[in-house]
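Enquirer: Position chains G, B and H against the provided structure of chain D, taking the given hints into account.
Protein chains: 4
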Amino acid sequence: MHNTFGTLFTLTTFGESHGEAIGGVVDGMPAGILIDMEFIQSELRRRRPGQSHITTQRNEQDQVELLSGVFEGKSTGCPIGFIVRNTNQHSADYDDLRSLFRPSHADFTYTCKYGIRDYRGGGRSSARITISRCVGGALAKLALRQMGVSITAYTSQVGNIILDRDYTKYDFAEIEHNPVRCPDPIAAKRMEQLIGEMKAVGDTIGGVVTCVVKGCPKGIGEPEFGKLHAMLGAAMLSINAAKGFEYGEGFNCATARGSELNDAFTTEDRSIRTVTNHSGGIQGGISNGEDIYFRTAFKPTATILQEQTTVDNAGNPATLCAKGRHDPCVLPRAVPIVEAMASMVILDYIMLNKATNS
Amino acid sequence: MHNTFGTLFTLTTFGESHGEAIGGVVDGMPAGILIDMEFIQSELRRRRPGQSHITTQRNEQDQVELLSGVFEGKSTGCPIGFIVRNTNQHSADYDDLRSLFRPSHADFTYTCKYGIRDYRGGGRSSARITISRCVGGALAKLALRQMGVSITAYTSQVGNIILDRDYTKYDFAEIEHNPVRCPDPIAAKRMEQLIGEMKAVGDTIGGVVTCVVKGCPKGIGEPEFGKLHAMLGAAMLSINAAKGFEYGEGFNCATARGSELNDAFTTEDRSIRTVTNHSGGIQGGISNGEDIYFRTAFKPTATILQEQTTVDNAGNPATLCAKGRHDPCVLPRAVPIVEAMASMVILDYIMLNKATNS
Amino acid sequence: MHNTFGTLFTLTTFGESHGEAIGGVVDGMPAGILIDMEFIQSELRRRRPGQSHITTQRNEQDQVELLSGVFEGKSTGCPIGFIVRNTNQHSADYDDLRSLFRPSHADFTYTCKYGIRDYRGGGRSSARITISRCVGGALAKLALRQMGVSITAYTSQVGNIILDRDYTKYDFAEIEHNPVRCPDPIAAKRMEQLIGEMKAVGDTIGGVVTCVVKGCPKGIGEPEFGKLHAMLGAAMLSINAAKGFEYGEGFNCATARGSELNDAFTTEDRSIRTVTNHSGGIQGGISNGEDIYFRTAFKPTATILQEQTTVDNAGNPATLCAKGRHDPCVLPRAVPIVEAMASMVILDYIMLNKATNS
Amino acid sequence: MHNTFGTLFTLTTFGESHGEAIGGVVDGMPAGILIDMEFIQSELRRRRPGQSHITTQRNEQDQVELLSGVFEGKSTGCPIGFIVRNTNQHSADYDDLRSLFRPSHADFTYTCKYGIRDYRGGGRSSARITISRCVGGALAKLALRQMGVSITAYTSQVGNIILDRDYTKYDFAEIEHNPVRCPDPIAAKRMEQLIGEMKAVGDTIGGVVTCVVKGCPKGIGEPEFGKLHAMLGAAMLSINAAKGFEYGEGFNCATARGSELNDAFTTEDRSIRTVTNHSGGIQGGISNGEDIYFRTAFKPTATILQEQTTVDNAGNPATLCAKGRHDPCVLPRAVPIVEAMASMVILDYIMLNKATNS
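Chains D, G, B and H, in that order, give the protein sequences. Letter by letter, the first sequence follows residues 1 to 358 in this note's numbering. Letter by letter, the second sequence follows residues 1001 to 1358 in this note's numbering. Letter by letter, the third sequence follows residues 2001 to 2358 in this note's numbering. Letter by letter, the fourth sequence follows residues 3001 to 3358 in this note's numbering.
One chain only, chain D, in its complex shape (with noise of 0.2 Å):
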C-alpha cells in the first residue's frame, strides 16, 4: 500500500530492480500543457548511474515511454501511464543475495512483513524505483514551468565538506557542470575527490541535499495536517536514505531566540514581504511568497565492498562480501530526485488552493 504519492497530483509506481520495467501513472495532470520529451528523457538522465567516474558504473539506458494520457503533443487530463523497461540485468550477481540479510538494506525488513523478497538488486527497495519518481517530477515541472514556479536542488555537503554560505550566495548555473551537482566549483572539486576516497576503498559516504523553490505562490499549504513543509518533509524523507529533513533555520532554530529569529514584515513595491526569511518562506504551514528552502541528510548508501557480518535467512551467522559495483555517494543522483518530490508537492498544493479559492 502507499504506493501513491499526491492527493490531487498524484504519482502511483511499480516496479523493481530487475523485474520488467520500472513505471507509474501521473493522475491529475492539468490538460492542455506541451509534454516535452526530450526534456523527460533528459531528466531521467540525471539520476542515472553511470554518468561519471564516481558514480556507481551500471549504465543504465533508461528509456521512458509515455503510453496515454497524450495526445497531438499535448496533456489531455487523462492519467498518463509509462514505464522504462529494465534491460541489461545481472541478476545472476544476485544470487547470493538470496538467503543473506544485507546490513542496513530492506532485505531483512521486507521478509518480516511479506514473507517473501525479491532478493535481486533490492528488488522494490532498490534506488533504481526513482525512476518513477523522476518522470512525475518532470512533468510537474512542465507544469510549474508555466506559473513561474521553478525548483533547484544541489548538494550541499559531502562528509564534512560543507557549504558554508545559504544558497543565495551561489550561482546554480554551477550545478550542473560538476559532477557532484555542488554550486560552488572549490567544494565540488574536493567533494569529487572525497567519494573518490571512498570509492577506491569499497566505502560510502553521506551528505546533504538543499533545495529552493523560487516563484510559489503565497498561500499555498493545507493546514492543519497538510502543512506545507511537513508534506515537503514526508516527500523527501520517503526517498531512499533519507534520514532528515529541516526547512528555514531547522535544527539551528534549537539554539536561537525568537527575537533573532522572527522575521518583520516589511512592504516593498506595494507587496508585503519579510525582511529575513528564517522561516523558510513557510509560516504556519502556509507559503508566504519568500523563497522557500529545505536540507535533506543522506546516509551513507548501505552496500560496501567490504566484508560484513549478518545472517542468513535461518539467523545463522554468515559473512557477507559484496562484489562488483557499489555507489560510494548517493547525493549527486539525490538531487534531482529531491527536485521531483518537491515539484509534485508544489503542483498538488498549487491545485489544492485553486479548488478553495471562491
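Just so you know, the hints here were simulated from the structure itself, not pulled from any lab data. Bear in mind the structure is a predicted one, so any value in this text is a computation, not a measurement. Be aware that a few hints might be false.
As the list claims (entries may be wrong) - Only pairs whose alpha carbons sit at most 25 Å apart, straight line, appear in this in silico BS3-like list of lysine-lysine:
| hint | chain 1 | residue 1 | chain 2 | residue 2 |
| --- | --- | --- | --- | --- |
| 1 | G | K1199 | G | K1323 |
| 2 | D | K74 | B | K2169 |
| 3 | B | K2354 | D | K74 |
| 4 | H | K3354 | G | K1074 |
| 5 | B | K2074 | D | K354 |
Expert: For chains G, B and H alone, kept in the frame of chain D given last:
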C-alpha cells in the same frame, strides 16, 4: 482541507483558540478497548499551559467530553467525537491584532490563503488546537498498551543545553518529575533556568524533543511513499513550531561512512537482531523490531514581549508590542504532542499491516 | 472507518441515537461564505420526526451548534465542527433489545463486525445520525447558492402510488406544502392516506425519492472511477434504507434501443444543448449542462409494531414485539437527506474541477 | 483525477482506446498469492469483442504483461504494474469524429472539461479501458479464491426478455455456454436473436446484469459512508453505460411493506441465519453471511449505424453516420466487468475488516 490525519486510524480536528470549542473525531478506533477517561484527561493536562512557573500563565481548565463511540466503558468501533470547550477567553486582548500581522506567525499567510482570518489568539494556528491531537493520541495509546507498545518523548535540548548521551542512558521515570520534561535532572535545572531568563526578558528559546518507541512489531511501514519514518516525519512536522525531523543517526549520517553506520545482524535468543541501531529501528521504511527513535526541532515561539516592526493589513509600517502572557519555551508542552502523534502513526501502521497479512 | 465523505469538501460524522450528541466536521468549506444559521436550523427541522401526524412522534428538538470555522458570520476556510445534543432520550425503552436481534436491522451485523453494539435505538445505525448529513448539506447549499446551483428532491412514489409524469411537469413550490413532500397535491393526499393506513396497523411502506439538480456547470465529474453519477449513487446508497439508485432513464434503459435513447445535440442561443435528456445530464460521467436527475428507492423501515420471530444473542428463538413509536414511511424525511448528500457531491466536484482547470 | 479505485486493495488505471497501451497498477495485493497467468489471460478474453457473431467484430488480441510485484510465480506484496498493448487500431476510421460530437457519447463533456480530447475511438471513455478492470479483478479473484469467496455475474435481461426467476433457480455452469452469458438456455436463445436483429438494423439494445457473491464472511462493510452496498453501487455505476443499481429487492422495495420484507432470524447448525434474504445479504451496510446479490442496468450503447443529427465543435448542425463495427448489446461483455469490480470491492472490504478486528 487536510484536517484529517491517518489512513485507518484517523483523527479529524476542528477548532480555534477563541472559538466555542476545540474538538475532533477519531475514526477507526478498534472495538472493545477500555476507555480510561482519567487517562485521557491526564494526557490533556500534560499539554496544558499554566502547569509551572516557566510556561504561559493562561490557566486552561480543559475538560474533554467524549460524545460517541463508547458504550458501557468500551469503544464500539464507531467514530469517537469529542470536544473541549474554550473558557476563560480574553478575546478583547487580541483586538489590536485585528489589523496587524505578527512576525513569524500565520496571520499573514492565513490572510493570503483565505482572505479572512480569525485573529483572536492565532485562531486556527494557535497552539491550543493541539488539544485534539492529545485526545487522539490518548485513545491510540490505550489501544497500543494492549499490544505492548510504549512511546516516550522528552526534552533533549533547550537552546544550547543539550543532552549529550543517547536515550538508553537515561531513566524515563525522571521525565515527568521536572517542568521541562527532561530525563537528566541536572540538565533539567539548567534548562529551567534558561527558560526563566527568557521569560524575564520577554524572549523565547527553541529546542529539541527526542522520542522513543519500544515494542513496535517488526514489519510495520508501507513503502514506497508511506515509509514509516516518512509518516512519522510528516506527523512531527505538522506540530506547531516544528522546523526539523531526523530519525536514527539523522543529520549525523551526512558525515559518516557506510562502514561505520551499517547495523550488522546477529541472532539473539533465536531472534534476528541488529548489533547496533544506527538505523533507528527502521530499514527501507519498515520497522525491524529494534527501538525506533527520532528527534524533532522546535523554533522559539514567535510571540515575544518585545517591540517588533511589522505592517498592518494594508501594508503600512507598524510597531507591534505584544502584552500579557507568553510562552518562553514550547518544548515541555511539545513533549506530549510528539508522543500523541507518534502513537497515532504507530497504531495506524499496525492496523495497515494487519490488513495485508495473509 | 469510512465515516468521512468527499474529497475536497468533506463531511466526517459521529454519533449514536442515544449517545451524548450527534455531530461532525465539515472540512473544505470555501472561505468567505455567509453562514445563515437560520437556514441550517431550518434544514435540520425538515428531517425531524414529529413534524406531522404521519411520522414518528418522537419530538426531536434538535438544535445545532457550530463550534468553529465561522468568524464574524462568515466561513473562514477552517473546519467547521458542529454538534446536536441528544435530548429526550428514552433509552430504557430499548432495554429489551439488549439481547435480541431485530429483523432487517443492523443489530446482528454490527455484533458480527465489532463484537459489541450500542443497542439503544439502533445506536450508530439509527436514522437519527442523518442529522450530520443535514448540517453538512446545508453548508454545501450555502456555497452552491452563490454559484447558481439548486438541488430539489421530492417523494415520487409511496407503495404503488407513483407519480406518472417526469419532474418537468410539477411545481416544486408545492413540495413543502404537504407532509409527504410530493409536488402533486392529489397524489400527496393518497400517499398520506396510505401511510396513515400503515401506521394504523403498525406496518411500514417503501417508496422512491426523485432529485433534480439545476444549474450544474458543464464539465463536472471525474472519470474513470469518480464518474459524477457513481459518486451520486454512492452518496444515495449510503442513506439508511436505500436499496436502489438510477439516473436519467435508469432501469428503463434496459428495454430501450440506442436509436430511441440517444440525445441529439443542437445549438440554442450559441450554447450546445441536447434536444432530449435521457442521459440525465451526465455523459461519460461528466455533466453536460442539462438538468441532472436521479431516483433513489427506499425500503419500508424495519421497525414494525407487529410480532416477529427472531433469535437472541445466543441464537435461541425469540419473539420480538416492538412497542411505542414507529415511522410508517421514511420517504418524507429522506427527501432532505437526498438533497443534502447531492449538494455535498456537487460542491465537492465543482471544487475538484476548479483544481484542474488551467 | 479519481482513476484509482479502492482503499487498501487499489487499482489505478490509464489508457485510451487508440493510445499505446491500456494498463494499470494494483496496489495492496496480499503477498504470497499464486499468480495464475493463464487465468488472468482467460478473464481478459471474456471481455474481448469479436468472441461471437453478436458482438463487435474488432478482434482484439489482448495480451497482458505483468511488469512487477510477482516473483517466482507469487505476489510479493509490492504493486503489480501491467500493460496491454493496443494493436490493430484503425485510428483513421475516426478522423471524421475529430470535429463532431457523437450523441450520448462523452465527446462533448470531455471537451467541456478538459478543452481537449483524444477523439480516436472514444479515447479514455472507450469501453476498451475496461481491460484494466479485468486484470485487477482477476488478481482479486485469485486472492478471494483462497478465502472461499466466489463471485458470479450473468445477463438477466436484454430488452424485454427478462429472466423471471431469482438466481437460486439457475445453473451458473450454463452461463459461459452461450454468447449472451445467460444461465437460462431458452432465454439466451431469444436474447441472441434480439441482439442479432439489432445488429441487422444498426441499432443497439440495453439490459441488466445480475451478480451473486457467495461465501462473503459476516461483518464486511464500513458504515457510515462506506456501506458495502454503497461501494458496490459506486463500482457498478462506474462501468461504462451503467444507468442503475439495486441490491436485494431493490426498487421492488418501494411497493412493499415492512411486514413482507423483513428477514426473520433463525438458527441453523448453530449459526444465525435469516429465513428469507430480501436484504440481499447486507444489513446496515454490513454483510450478514447470506448471499449478496445485486443488479446493474446498462443502456444500449450509443454507437449506432444510423443517421443522427448533432453539432460540430463550433456548434454548427451536422449529420453523423457511424460506419464499420458496432456493438449491438454490451451486456455479454459487461458480465466479466461486473464480476471484476465486485471482486475488488469484496477483497478490499475483507482487508479493511482485518485491519480493525482485535
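Enquirer: Now, for every hint given, state plainly whether the structure supports it.
Expert: We went through each hint and held it up to the structure:
A distance of roughly 13 Å separates the Cα atoms of G:K1199 and G:K1323; the hinted pair therefore holds under the 25 Å criterion. Taking the CA atoms of D:K74 and B:K2169, the gap is near 45 Å; set against the 25 Å cutoff, the hint is violated. Under the criterion of a C-alpha separation no larger than 25 Å, the hint pairing B:K2354 with D:K74 is consistent with the structure, at around 20 Å. Distance restraint check for H:K3354 and G:K1074: the Cα-Cα separation of roughly 20 Å lies within the 25 Å cut-off, and the hinted pair is therefore satisfied.
Of the pairs offered as hints, the one joining B:K2074 and D:K354 holds, with about 20 Å between alpha carbons and a cut-off of 25 Å not exceeded.
This entry does not satisfy hint 2, going by the numbered hints stated previously; all others are met.
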